[in-house]
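Make a model of the complete structure from these sequences and hints.
Residue numbers (numbering that gives the first Met the number 0), protein chains in the order written: chain A, 0 to 242; chain B, 0 to 342; chain C, 0 to 291.
Fair warning: there could be bad hints in the mix.
Claimed, not checked - Distance condition first, Cα-Cα at most 16 angstroms in a straight line; then the derived EDC-like pairs of lysine to aspartate or glutamate: (1) 91(C) <-> 214(B); (2) 31(A) <-> 178(A); (3) 155(A) <-> 186(A); (4) 331(B) <-> 178(A); (5) 161(C) <-> 205(A); (6) 185(A) <-> 163(A); (7) 91(C) <-> 98(A); (8) 91(C) <-> 213(B); (9) 31(A) <-> 15(A).
Quick caveat, the hints were computed from the structure, so don't treat them as lab data.
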Amino acid sequence: MSKLLEATGVVAGYGDGPAILNGADLSVHPGKVHCIIGPNGAGKSTLLKAIVGMLKVREGDVRYKGESLKGLRPDQILRKGICFVPQERALFPKMTVRENLRMGGYSITDDSYLNNRIGEIEEQFPILKERHSQHAGTLSGGQQQILSMARTMILKPEIVMLDEPSLGLAPKIVREVFEVMQIMAKEGITIILVEQNALMGLKYSDWGVVLDLGRSLFDGPAQEILEDPRIQELYLGGRKDKP
Amino acid sequence: MAELATDEILAARERYNQSIAIAVNKKRSLWFPYLVLALLLVLPALQLIGNFNYVIHLTLFTACYVVMASGWNILGGFTGYISLGHNVFFAIGGYFAGMIFARLDISTIIIAPLAGLVAAVIGYCIGLVTLRVRGPSFIISSLALVMIFRIVFENWEFIGGAAGLALPVNDLPVQWAKLPYYYAFIVMAAIAVWVSYKIKHSKFGLGLRAISKDEIKAESSGINTRLYKVLAFAVSAFFVGMAGAVWGEYLTYIRPNIFLIILISVNMVLMCVLGGKGTIAGPVIGAILIIAFNELFVATLGASEINVLATGLIMMLTLIFFPLGIVGTLAKHGKLPQFLNWD
Amino acid sequence: MTLLIQTLILGIALGGVYALMGSGLSLIFGVMRIVNLAHPSLIMIGAYVAYWPFRLSNIEPMFMLPVAAIILACIGAILYRLVFEREARSAKYSEMTVLLTFALAMVVEGMLGTAFTNTQRITSPDYATEAFFLADIFIPKGQLYASIISIIIISALALFLKYSRLGYAIRATTENREAAELLGVNVNRVGLISFAIGLALAGAAGALVSFIFSFFPSKHWEWIVILMSLVVLGGMGSILGTVIGAFLLSAVAALVGTYFGATWSTLTFFIALFVVLLVRPQGLFGEKPELA
Chain A
0 MSKLLEATGV VAGYGDGPAI LNGADLSVHP GKVHCIIGPN GAGKSTLLKA IVGMLKVREG
60 DVRYKGESLK GLRPDQILRK GICFVPQERA LFPKMTVREN LRMGGYSITD DSYLNNRIGE
120 IEEQFPILKE RHSQHAGTLS GGQQQILSMA RTMILKPEIV MLDEPSLGLA PKIVREVFEV
180 MQIMAKEGIT IILVEQNALM GLKYSDWGVV LDLGRSLFDG PAQEILEDPR IQELYLGGRK
240 DKP
Chain B
0 MAELATDEIL AARERYNQSI AIAVNKKRSL WFPYLVLALL LVLPALQLIG NFNYVIHLTL
60 FTACYVVMAS GWNILGGFTG YISLGHNVFF AIGGYFAGMI FARLDISTII IAPLAGLVAA
120 VIGYCIGLVT LRVRGPSFII SSLALVMIFR IVFENWEFIG GAAGLALPVN DLPVQWAKLP
180 YYYAFIVMAA IAVWVSYKIK HSKFGLGLRA ISKDEIKAES SGINTRLYKV LAFAVSAFFV
240 GMAGAVWGEY LTYIRPNIFL IILISVNMVL MCVLGGKGTI AGPVIGAILI IAFNELFVAT
300 LGASEINVLA TGLIMMLTLI FFPLGIVGTL AKHGKLPQFL NWD
Chain C
0 MTLLIQTLIL GIALGGVYAL MGSGLSLIFG VMRIVNLAHP SLIMIGAYVA YWPFRLSNIE
60 PMFMLPVAAI ILACIGAILY RLVFEREARS AKYSEMTVLL TFALAMVVEG MLGTAFTNTQ
120 RITSPDYATE AFFLADIFIP KGQLYASIIS IIIISALALF LKYSRLGYAI RATTENREAA
180 ELLGVNVNRV GLISFAIGLA LAGAAGALVS FIFSFFPSKH WEWIVILMSL VVLGGMGSIL
240 GTVIGAFLLS AVAALVGTYF GATWSTLTFF IALFVVLLVR PQGLFGEKPE LA
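Quick look at the structure:
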């Protein structure tokens, strides 16, 4: 299978601090939904942040369509078609829903095209159209998550990376959020999902990656990972004595 | 898929977590500060062989700032609350002891601990209010505090208003006139450094440092952060107030524009920042360097405006290039000479 | 009654100038999370830029307003590149930047003091001493003009922030720096531009201040607390809040000055700052305690 994005031997950490990632690998297949699972502190979010340029890749390389992303700024990486939705639902709470969508298309300089895209997205997600003049901070948690995911679609990105989209949401809302993710996948967007709720994440994914100890330990079709007894024991709650 | 046994992974995770923790340098030497103290105690013997009043004055002046900077360090360095208004306590100590000295003729050296206590109580009360905010808010509130005290002191006739009060001069021969103050400041400096050390290595100090790292986590791990912060504020006010008490008598007058100028609090902050905030030796080294530098500057250039400019410049350069200060930066690179490691 | 109205009018006439002095501070805090304690000392530079041409060849201080704005914008860009850019990823960012701007204020004070001494200065164009009369009440022309110009400048700024592409980027960075960066905003460039704009506002304010308050290099310590009080009252980072805070406090200070004496008028700002920080640190219009 050809690879859209490939991270090899990535070493990264925060500021001057110790390396959280110690040679992590990630292979991304076009058009698939990938789920990265692993215990707390394994470096799942760190890997995403290193890929989008928010953290410096100290060693190793990240290649996208054969081209290295190392040393690029987040805004430059975005322009190449890679969007990142961070854990804390990076919205602008005091800007309206529509202004938030407009910020999603900030890198588009053609105003009429941008307005068209906003219109299309609002058609696709009626709740956003309904609430367009409301401040984003007044939306419910689920709606905020939908807005921050929908916002990335304005750019018609190649890859969208979601960092724990289910965090702090009720189970019913979590399903809604995953359904939005499936809409995105149907449009041909490649998705990289980091999920604490590993069972749920893998069920909605095609491919699974297990990250632990700052390295990638397993990598395979999501179904295989779900059924592997060792992974069940270590990461899917099979073994109770150690967290 | 990699072939790894589950137990191996768990063991590896343990090792991995340990590798992230940073090792601490435990080596320290305490003989050096004791040696310095001993030398300082016999220094006035120089007066027997000539006139070294200037040396005595400079040492005394430095010791005064060691008291203040070490005091400031307890709040600003350990706890991470930067106060730009600590000269308020310098003024409180100075005025309290000065007024008693002027009225009842009890030497400020005797009154000093009481003056420190008064400063600490006022500090405790102010801290109860201002320590409810953190970061920039706290810093700004401390600046506002100086402005408020300045206006109040300048308009309070009982304590002499803007003109201040003259204090009696002692009747010792010129050669020995500075000595009581000299020993007072040396002793206070030694106590301030020793108390800093004791606090840093106590449960209280550990709590303060936890607050500085992450106050919310400190609180959720059961530290009474509010009490700890306010106590740290009071202790630091105590030392600054004590220094102020004796300083007034040494100068022979008390006046708002001696105690309540911004340069005094800047010096406290700068000494700690330059030497190394949160370290024991840092404020001492900072005080020595800044006083030496000031003397050099005033002697060669004279103008106080240039002094302000230079002080600001040193502070900017230190913050940009050595944000951890001399001791902190050396320690981080493992190059701190052992005689400066008092922590 | 006349005295009350007269006092309020004098207070409000000053409010516009305070608003302009504070708006740059507020903008810089909003975008960069830098509490710029050097702001008033930089306003002082603007005042000197207006002062010398007036003193030497009687050039109208208001003509120097754009010049002062441009000079300070350049200073801002240089300072940002040299000093603040490298702090952006520092762990104790807000604390570090406060200390840095504090040190910067001393550097500026020292430079101005060395160059121009601590003599009190003021420009005195004709209108600075003239007034309009409405029955028994007078409105000083200087303060009125300065306030009107201030309000025009602030309105232009507000429109720019609301509707321009760069304005979107600035507002987005203000609200959530990380998110803006992820959406393609070059936050570093936005920081540079906002810093320059913030200081341009300081320069413009300086030119206006030159004929309203007498000034000397070390006076900025008093101004910083005055400006912080109105910016904090309005909610740090909110320009509209700053304007409202400016008019409110300026009016209250004028009332205190009239009824209790001029010394206590300045104290109003200091105490207001203290009380607001402690009772409602997010300010009147802030939603969460951003400064805390």
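Here's how the hints hold up against the structure:
Simply put, residue 91(C) and residue 214(B) have alpha-carbon atoms about 13 angstroms apart, close enough for the 16 angstroms limit, and the pair holds. The straight-line distance between the Cα atoms of residue 31(A) and residue 178(A) is roughly 15 angstroms, inside the 16 angstroms bound, and the hint therefore holds. Under the criterion of a C-alpha separation no larger than 16 angstroms, the hint pairing residue 155(A) with residue 186(A) is consistent with the structure, at around 9 angstroms. This hinted pair does not check out: residue 331(B) and residue 178(A) have alpha carbons roughly 50 angstroms apart, beyond 16 angstroms.
Our distance criterion of 16 angstroms between C-alpha atoms is broken by residue 161(C) and residue 205(A), whose separation comes to about 43 angstroms. Between residue 185(A) and residue 163(A), the direct Cα distance comes to roughly 20 angstroms. Violation of the 16 angstroms bound is thereby established for this hinted pair. A hinted pair counts as satisfied when its Cα atoms are at most 16 angstroms apart, and residue 91(C) with residue 98(A) does not qualify at roughly 31 angstroms. Our distance criterion of 16 angstroms between C-alpha atoms is met by residue 91(C) and residue 213(B), whose separation comes to about 11 angstroms.
Under the criterion of a C-alpha separation no larger than 16 angstroms, the hint pairing residue 31(A) with residue 15(A) is inconsistent with the structure, at around 35 angstroms.
Of the numbered hints listed earlier, those contradicted by the structure are 4, 5, 6, 7 and 9.
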